[in-house]
Amino acid sequence: MKLEQNRIYIKDIQFGDVTAVNNGILTVNKEEMINFLKEDPKVKDVKLDIARPGEKTRIIPVKDVIEPRVKISGGKGFSGVTQTTTQLGDGIVNILYGAAIVTVGDIVGFQEGVVDMWGEGAKYTPFSKTFNLVVDIEPAEGLEPHMHETTVRMAGLKAAEFVGEAGRDAKIDETLTYDIGNIDEETKKYPNLPKVLYVEMLISQGLLHDGYIYGVNSQLILPTLLHPNEEIDGAVISGNCVAACDKITTYQHQNNSAILDLYAEHGKTINFIGVIITPELTTLQGKFRSCDYTAKLCKTLGANGVIVSEEGYGNPDSDLLMICKRLETAGIKTVLITDECSGWDGASQPLADTTPEAVAVVSGGNVSHVVTMGPADKVIGNDKAIATLSGGWEGCLEADGSLKCELNAVIGATSEIGFHYCTAREY
Amino acid sequence: MATITTISESVGANRIVPTVAIPYPVGNPNLNTADEYNLRKDMVGRALKGLATEIEETTQF
Amino acid sequence: MNKINDFSIVTNNPIVKEKYSQVIFVDGGFEDVLIKTRDLVHSGHELINHPLGASIRMFFSPYRSIIVSSKSTELVDNEHVSIMESSIISYRKQMENRMPDIVNSQDYAIIDSELLDSSVEEMKRFYN
Amino acid sequence: MYKILYYVNQFFGQIGGEDKAGIEPEFHQKSIGPAMGFGVQVKGQAEVIGTLICGDNYFNENREAALEYIMNVIKEQKPDMVVAGPAFNAGRYGMACAGVTVAVQEQLGLPVLTGMYEENPGVDACKTKVYVVKTGNSAAAMKDALPVMGKLALKLLKGEEIGKPAEEGYLPQGRRLTVIADERGSKRAVDMLVARLYDKPFETELPMPVFDRVTPAAAIKDLSKATIALVTTGGIVPHGNPDRIQSASAQKWGKYDVSKIDELKGDYYTIHGGYDPVYANEKPDRVAPLDLLKEYEKEGVIGKVFEYFYTTTGTGTAVGNSIKFGTEIGKELKEAGVDGVILTST
Numbered sequence: 001m002k003l004e005q006n007r008i009y010i011k012d013i014q015f016g017d018v019t020a021v022n023n024g025i026l027t028v029n030k031e032e033m034i035n036f037l038k039e040d041p042k043v044k045d046v047k048l049d050i051a052r053p054g055e056k057t058r059i060i061p062v063k064d065v066i067e068p069r070v071k072i073s074g075g076k077g078f079s080g081v082t083q084t085t086t087q088l089g090d091g092i093v094n095i096l097y098g099a100a101i102v103t104v105g106d107i108v109g110f111q112e113g114v115v116d117m118w119g120e121g122a123k124y125t126p127f128s129k130t131f132n133l134v135v136d137i138e139p140a141e142g143l144e145p146h147m148h149e150t151t152v153r154m155a156g157l158k159a160a161e162f163v164g165e166a167g168r169d170a171k172i173d174e175t176l177t178y179d180i181g182n183i184d185e186e187t188k189k190y191p192n193l194p195k196v197l198y199v200e201m202l203i204s205q206g207l208l209h210d211g212y213i214y215g216v217n218s219q220l221i222l223p224t225l226l227h228p229n230e231e232i233d234g235a236v237i238s239g240n241c242v243a244a245c246d247k248i249t250t251y252q253h254q255n256n257s258a259i260l261d262l263y264a265e266h267g268k269t270i271n272f273i274g275v276i277i278t279p280e281l282t283t284l285q286g287k288f289r290s291c292d293y294t295a296k297l298c299k300t301l302g303a304n305g306v307i308v309s310e311e312g313y314g315n316p317d318s319d320l321l322m323i324c325k326r327l328e329t330a331g332i333k334t335v336l337i338t339d340e341c342s343g344w345d346g347a348s349q350p351l352a353d354t355t356p357e358a359v360a361v362v363s364g365g366n367v368s369h370v371v372t373m374g375p376a377d378k379v380i381g382n383d384k385a386i387a388t389l390s391g392g393w394e395g396c397l398e399a400d401g402s403l404k405c406e407l408n409a410v411i412g413a414t415s416e417i418g419f420h421y422c423t424a425r426e427y
Numbered sequence: 001m002a003t004i005t006t007i008s009e010s011v012g013a014n015r016i017v018p019t020v021a022i023p024y025p026v027g028n029p030n031l032n033t034a035d036e037y038n039l040r041k042d043m044v045g046r047a048l049k050g051l052a053t054e055i056e057e058t059t060q061f
Numbered sequence: 001m002n003k004i005n006d007f008s009i010v011t012n013n014p015i016v017k018e019k020y021s022q023v024i025f026v027d028g029g030f031e032d033v034l035i036k037t038r039d040l041v042h043s044g045h046e047l048i049n050h051p052l053g054a055s056i057r058m059f060f061s062p063y064r065s066i067i068v069s070s071k072s073t074e075l076v077d078n079e080h081v082s083i084m085e086s087s088i089i090s091y092r093k094q095m096e097n098r099m100p101d102i103v104n105s106q107d108y109a110i111i112d113s114e115l116l117d118s119s120v121e122e123m124k125r126f127y128n
Numbered sequence: 001m002y003k004i005l006y007y008v009n010q011f012f013g014q015i016g017g018e019d020k021a022g023i024e025p026e027f028h029q030k031s032i033g034p035a036m037g038f039g040v041q042v043k044g045q046a047e048v049i050g051t052l053i054c055g056d057n058y059f060n061e062n063r064e065a066a067l068e069y070i071m072n073v074i075k076e077q078k079p080d081m082v083v084a085g086p087a088f089n090a091g092r093y094g095m096a097c098a099g100v101t102v103a104v105q106e107q108l109g110l111p112v113l114t115g116m117y118e119e120n121p122g123v124d125a126c127k128t129k130v131y132v133v134k135t136g137n138s139a140a141a142m143k144d145a146l147p148v149m150g151k152l153a154l155k156l157l158k159g160e161e162i163g164k165p166a167e168e169g170y171l172p173q174g175r176r177l178t179v180i181a182d183e184r185g186s187k188r189a190v191d192m193l194v195a196r197l198y199d200k201p202f203e204t205e206l207p208m209p210v211f212d213r214v215t216p217a218a219a220i221k222d223l224s225k226a227t228i229a230l231v232t233t234g235g236i237v238p239h240g241n242p243d244r245i246q247s248a249s250a251q252k253w254g255k256y257d258v259s260k261i262d263e264l265k266g267d268y269y270t271i272h273g274g275y276d277p278v279y280a281n282e283k284p285d286r287v288a289p290l291d292l293l294k295e296y297e298k299e300g301v302i303g304k305v306f307e308y309f310y311t312t313t314g315t316g317t318a319v320g321n322s323i324k325f326g327t328e329i330g331k332e333l334k335e336a337g338v339d340g341v342i343l344t345s346t
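Protein chains in written order, with our numbering: chain A, 1 to 427; chain B, 1 to 61; chain C, 1 to 128; chain D, 1 to 346.
Just chain A, same shape as in the assembly (with noise of 0.2 Å):
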């Protein structure tokens, strides 16, 4: 497959009477765009905002956070979702690059997600340096929670198309092409490097914890194999509310770090052939399964080594180590990422789990690792959702309005997928 990203460079987002880039400034007509989000009956009210990086602003709940994109050629935006069905991973994309789509919207109470902009909490969640473009949704009155979420979901995403589409005739700065061919093309073409799998695990629990691939929920499927620039072309999108600092946001699917750096290392030290998505769910049974399915296929395939991405904490770490356990074992070389608790001092076990075979492990950081942040200029979103998050301790919220919490409230601080540039070090 053949993927043509072109990059046109976002330098500021600015509400005007049309939405288009000029200049590298990003305008959006807030009216129509507005308007075109409200025309789904389930959407009550929608307010828009900007937050830009370094400004004191502090936005939460964030429910996702999306790339706006349009594809030229070669398939349709989220296909599967927003778009009918069609092949992602070839053809021409352009993007603004530098601005995202951040949507806020509390499905429950307890939500969280937490961006700040500026100051100690930049330093944790990698989008502090986009330009967002923040949609907060209102549904309307009696959804019943399943259709609450989707009706957000989809918000979001129709919000990052509309955006998009002002990418379509604007100076593009940069292309970057992706171009990896069948496994028996690109094995003839260098048959002497290693061949590499990705397996990218995805919550597939339920209401709030779901992720989907062309649509599909990520529950019903056994482990399955995509080309690199499916995903990377907005073939898998996150359904997942509740695990701020570990799991995957439709961005972040997007420009999934792991494929992009694995992408950085084809023909030169290893032969990339592949992502497979395995599903992590919820009962023993099932969980044994994917893992034995996932082992299968990289086994099938020929890989000689193996990148594994965990999605979330807590049942999912057990997937995690099961697969690692069986790819060891039939002697597939495999590297792990994932995040650990180890308390607040960090002198806990990191995991409760482990595996003897688990030698080569990347640590996303502590999410229970404690950051303080100053008080905002700005709140956007829902001001209760800061009591959430700072609830359940005595003495998180400072006499000057700054905010004690852990790194588990923030978006992307622990990623799972490598996505941001925390770790943990024993001292």
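Please note that a few of the clues may not be correct.
Computed spacing ranges between beta-carbons, pair by pair [as the list claims (entries may be wrong)]: (1) D:Asp262 - C:Leu75: 28 to 36 Å; (2) A:Arg425 - C:Glu79: 29 to 37 Å; (3) D:Gln107 - B:Thr59: 47 to 55 Å.
Derived from the structure by calculation, the hints contain no laboratory data.
Built from N, CA and C at the ideal position, the CB exists for glycine as well.
Got chain A sorted already, so can you dock chains B, C and D onto it with the hints?
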């Protein structure tokens, strides 16, 4: 004498007698008194036999 | 577990208690549900779904529902026991400095019940 | 100029050797012994304003009184920091340095620093809380230790970021701190995988606990002459739990005389928090089968059941503590001439 023998092995135990259940490793309240006694006596006997047996590697008795 | 109806739900969630008939109701917190389930697994009940949620947030839930087989067998499953034990350790560690998020109890009860429904659906794809 | 108060024992305080180990703490408004050499290392930025000297035996036997005196001096002198040792491999001196530094840090909130050889028992008493500079095992290593301590002391006084243990020369504290790495996680993962695929060295960021292999002990030649001890991690203790062994995450073990009884039933129960206690409380021998060992003793199958029964709880107990308990119990049993052990776990 342990129920989860995999854990015993992982910490380096060499002579292992698998037991009945976690809350009653050397016993079984579901059996009548005589049967439970016979079971228990046999298990402890196996443990003693294990101590008197030369082994090269982790062995279950 | 042989038949799809041979399961029980260990729960402290009032919504689940109303909704399902095969409930072992625990009058207590998340940890008490874990302990009750552990005792059942120790005595030969099969653990059907994983005792923990999939995110740190769900550790703060006041409610939890865990599915076990309703019948016990003589054979205790080592792997199930290990999962139970490590889950309890993990839960205690995580809650060392935190309290259950009581303010949002009602929402947690709904989500716990929804996630349980998903687990039951998933289970039905294995046992029929 | 920062003010530092120094703590040493009777030997380094130039009072005397073992015969003076019982002296009560005293304070001198000058630098004595290692305090002088340390002062040279921090010259220009900090000065040692006085030296506390205490006998090692006195400190360890009269800990509260010693600490009360020491804390009072510190409160009067108002130093910016307290430095103790280095204690090298001197165990009682190490325990004293640990006691002083931990107390000062916890009660007065002052920065503290000490130095020890890694096997000094004082290390375990304080390394998770205070910085312990890694030293050689005897006073010959003083000249290497003081520059490292001086440098780290200044960093602590200034509140500067403290680097990794190997870089700064202190013993790892076993704390996993979250830091921002130079490369993103996925790049680090790809680099790690490529290293593995090309058989190059790599370092995991999350080491798994390592479990030991043990060479099997030789078989008991003649069981009928052997002494067999009973040990359990099932939390079986005498009624009332006289030693207050924890129901989970045990900090200690207990031993109880069972030479006069034929079974645990009646006098014992379980305090273990890791399983349903109903069945063990009915009959604790279901967890630790003393009754049957006694029977085998009567039948002559084994020579003797060892007079003490050893117990602790296994659930949630740290690996480090488990190793410690095992070593301590093993040592006692070996010294008592026990030939074999039945260890039961729940």
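So which hints don't hold here, by number, going up?
-> none
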